[in-house]
Amino acid sequence: MLTSDLAALGGLALSAFLAATLLPGGSEAVFAGLLVLRPELGLAAVLTATVANTAGGMSTYLLGRLLPRKESTPRLATLQRWGSVALLLSWVPLIGDALCAAAGVLRLHWAACLLWMAAGKGLRYAAIAWALQ
Numbered sequence: 005m006l007t008s009d010l011a012a013l014g015g016l017a018l019s020a021f022l023a024a025t026l027l028p029g030g031s032e033a034v035f036a037g038l039l040v041l042r043p044e045l046g047l048a049a050v051l052t053a054t055v056a057n058t059a060g061g062m063s064t065y066l067l068g069r070l071l072p073r074k075e076s077t078p079r080l081a082t083l084q085r086w087g088s089v090a091l092l093l094s095w096v097p098l099i100g101d102a103l104c105a106a107a108g109v110l111r112l113h114w115a116a117c118l119l120w121m122a123a124g125k126g127l128r129y130a131a132i133a134w135a136l137q
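Residue numbers for the sequence shown follow the numbering used here, beginning at 5 and rising by one.
Warning: the hint list may mix true and false statements.
Pairs of lysine to any residue residues, derived as SDA-like cross-links and limited to a Cα-Cα distance of at most 25 Å, are as follows [to be verified]:
1. 74 <-> 111
2. 74 <-> 84
3. 74 <-> 105
4. 74 <-> 86
5. 74 <-> 113
6. 74 <-> 89
Label pairs and their calculated CB-CB ranges [said to hold, decoys possible]:
7. 78 <-> 130: 32 to 38 Å
8. 66 <-> 89: 18 to 24 Å
9. 32 <-> 85: 15 to 21 Å
10. 76 <-> 114: 42 to 48 Å
11. 18 <-> 74: 20 to 26 Å
12. 116 <-> 74: 18 to 24 Å
13. 37 <-> 127: 32 to 38 Å
In short, the hints are calculated from the structure, not lab data. Just so you know, these numbers come straight off a predicted model, no measurement behind them. For every residue, glycine included, the Cβ atom is placed at its ideal position computed from N, Cα and C.
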């Protein structure tokens with residue numbers, strides 16, 4: 005892999021990580037742009053974006069865990085009912101970050117959260133890559 009490939013994937017990783025934190029922003033445009041310019045990096049880009057976006061989501065989960073546990077609100081109760089599988093939707097704009105933080109507040113098991121979060125985020129990036137072919 006060339007240095008320029010690593011730099012491009014590094015930029016994608018940074019964009020994907022930051023997009024999954026409480027900071028505003030999205031990584032889809034960076035991801036799509038990379039695939040348009042460098043289609044041969046397709047699989048590496050999907051994997052890089054998935055891992056980085058999941059890491060960003062898990063950092064939000066950790067921030068939620070650091071908050072004191074609150075009484076269950078109707079929204080928290082809904083997430084508690086669905087459990088970590090609800091994190092399949094962690095990629096959805098506006099609600100995704102809240103789901104990750106709420107999972108931390110509810111002290112849902114981190115490994116299950118990681119699995120479902122990665123699955124949802126990976127499927128999103130794979131769908132974008134597929135749509136660009």
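Now the hints, each set against the structure:
1. 74 <-> 111: holds (11 Å)
2. 74 <-> 84: Given that 25 Å is the threshold and the Cα spacing comes to 13 Å, the pair holds.
3. 74 <-> 105: The hint holds at about 12 Å.
4. 74 <-> 86: Satisfied, since the Cα-Cα distance of roughly 18 Å is no more than 25 Å.
5. 74 <-> 113: holds (17 Å)
6. 74 <-> 89: holds (21 Å)
7. 78 <-> 130: 32 to 38 Å: The hint (32 to 38 Å, Cβ to Cβ) holds, given that residue 78 and residue 130 are roughly 33 Å apart.
8. 66 <-> 89: 18 to 24 Å: holds (20 Å)
9. 32 <-> 85: 15 to 21 Å: violated (30 Å)
10. 76 <-> 114: 42 to 48 Å: violated (20 Å)
11. 18 <-> 74: 20 to 26 Å: violated (32 Å)
12. 116 <-> 74: 18 to 24 Å: Between residue 116 and residue 74, where Cβ atoms are some 21 Å apart, the hint holds.
13. 37 <-> 127: 32 to 38 Å: violated (20 Å)
Checked against the numbered hints given earlier, this structure breaks hints 9, 10, 11, 13; the rest are met.
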